[in-house]
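Enquirer: Same order as they appear, the protein sequences are chains A and B. Read in order, the letters of the first sequence are residues 0 to 297 in numbering that gives the first Met the number 0. Read in order, the letters of the second sequence are residues 0 to 297 in numbering that gives the first Met the number 0.
Hint data in this document are derived by calculation from the structure and do not stem from the laboratory. Careful: at least some of the hints might be erroneous.
What the hints assert, rightly or not - Covered stretches of chain A (in silico footprint by chain B; criterion: 3 or more residues with CB under 8 Å from a CB of chain B, positions within the stretch not fixed):
hint	stretch
1	89-96
2	150-160
3	216-229
4	255-268
From the three backbone atoms N, C-alpha and C, an ideal C-beta is built for every residue, glycine too.
Number of protein chains: 2
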Amino acid sequence: MSEAKPELSAVGFIGLGNMGGPMALRLLAAGHAVSVCGRDARRLDPVLAAGAVRCADPAEVAAASDMVLTCVTNTDAVEEVLFGTRGLVHGARPGLVVVDMSTVSPDATRRWAEYLNRNHGIAWLDAPVSGGPSGAASGTLAIMVGGSPAVFARARPVLAHLGRPTLVGEAGAGQTTKLVNQILVAGLTALVAEAQGLAARAGLDVAALPQALAGGRADSVLLQLFWPRMAAGDYAPTSTVTSILKDLAMVESMGRAKAAALPLTALVTELNRWLVAQGHAGEDITALYRFYRPASAC
Amino acid sequence: MSEAKPELSAVGFIGLGNMGGPMALRLLAAGHAVSVCGRDARRLDPVLAAGAVRCADPAEVAAASDMVLTCVTNTDAVEEVLFGTRGLVHGARPGLVVVDMSTVSPDATRRWAEYLNRNHGIAWLDAPVSGGPSGAASGTLAIMVGGSPAVFARARPVLAHLGRPTLVGEAGAGQTTKLVNQILVAGLTALVAEAQGLAARAGLDVAALPQALAGGRADSVLLQLFWPRMAAGDYAPTSTVTSILKDLAMVESMGRAKAAALPLTALVTELNRWLVAQGHAGEDITALYRFYRPASAC
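Let's have the full structure, built from the sequences with the hints guiding it.
Expert: Listed below in structure tokens is the structure:
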């Protein structure tokens, strides 16, 4: 295997949601041939208009591609894309590189990577992202990659169109890193909501606060991004309560497996479950501010 | 009062601790005459060597100054500096500007500001800071200022040597903003510790993680600053557990007064109290990682 591997130019993209859609558009804009599949016209039309080639199913996408990116809802959805009746494995040639950008189980990820390599000669990277739809659109996602350095080196030029890829370890390590990321994202969202609740009740000029704290020890990406949305009561989904709870369930499971105490995350998880119980499952995680905002703002 | 006010060139500095010391040195380096007082040679010597003038007490400092900055431990300490037997009020001329950079009670601050203005013609700014000793030394502190726009405009050139001053409201608003800041600082410290505890137990390359998350939604100043310290078991004080608990007690008190629920902050406060109970009061707030680190790292 010492010969130079060909460039990965023919790309497949499966999962054209609020993250995958803008990512596929960036790859098209960068000049890649992009094959897609799906049944939802609302999701397909923008990428087809931008030049994507429509395939019937993941097997066809795999057959047309050197590299397939997947960005779907959860562990079961990845499993279906890979191994379903018309899954990737049924169209893939040996040497295909699969890059899963969904946020899913690290344990399942390690099993898939090993199985695909052994039985189908498929190379694997897990590459979950952080940055939301705006980061996907602007190509500034943090991309946490698990896999082998050789496969990473080949996939890197493609991933670089989507953000900043960092190899963090072997297969599964990208997903584990994403779970650590989600501890911080979910916790920070609650902290920002809690801080704004007190600021609003204490009569501070809420709108001015992120700028006043910018660059100090309290500053964070989410302070600058979520504080204004909470102040405006903007709970339009970028990352939904349902989605963060899916990730926090995996965090809980890993904490249990590794005997890691996670008291803040446990509290934050319960607060998000409470949002679901009150009918806000489909809102953005900024909706946590519903519990904190002054009554006059309700 | 429409005539132009003179420049504030003669500065007094009271409170030469791990924050005030480097701040006084920056003012001296910027060419200000700086009067100081105190009994601790270890704290005085560096600023005297840099050209500061030694006074016997706060009253003498006030008599020698157009503007006095205070940076002391707590509400009682500010009260003593202002109103003690040889406090500032006993040497101040009308027109003196007092800028309190300590983190203290917003309510007491509002009382002082009103009293000093009415009875002594002293102008007031509360200007607590965030950024730690390193921010104080590099002049990159976030400075949250409460007071009148006219006094802020006069003090701003001096404060600009210490960091980025932002006027956030009337007297007391600087302190209230600092308490909001401390909700985020204390909570983020616990979140970073919790995230690292899971990362370490899950076998991730802990040292590589802040870089992998840089710029993403999970990123924060404290992730970049505290994560490596926790990984190294570095609990050398920049901001002590005692000090954050003093601030969190004021947060609790304000939450009670304003009917603001603060569930995460309550939990974070208890974790810090637990550190005190275990003998770690004088350590940095990074010591919270003691509760999270894998046993093999203890």
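Enquirer: If a hint holds in the structure, say so; if it does not, say that too.
Expert: Hints, one by one, checked against the model:
Coverage of a stretch by a chain is defined here by at least three residues with a beta carbon nearer than 8 Å to that chain's beta carbons; for the stretch 89-96 of chain A and chain B the count is 0, and the condition is violated. Counting residues of the stretch 150-160 of chain A whose C-beta sits closer than 8 Å to any C-beta of chain B gives 0, which falls short of three, so the coverage hint is violated. Residues of the stretch 216-229 of chain A with a Cβ under 8 Å from some Cβ of chain B number 8, which satisfies the need for three, so the listed coverage holds. Counting residues of the stretch 255-268 of chain A whose beta carbon lies closer than 8 Å to any beta carbon of chain B gives 10, which reaches the threshold of three, so the coverage claim holds.
Of the numbered hints stated above, those contradicted by the structure are hints 1, 2, listed in ascending order.
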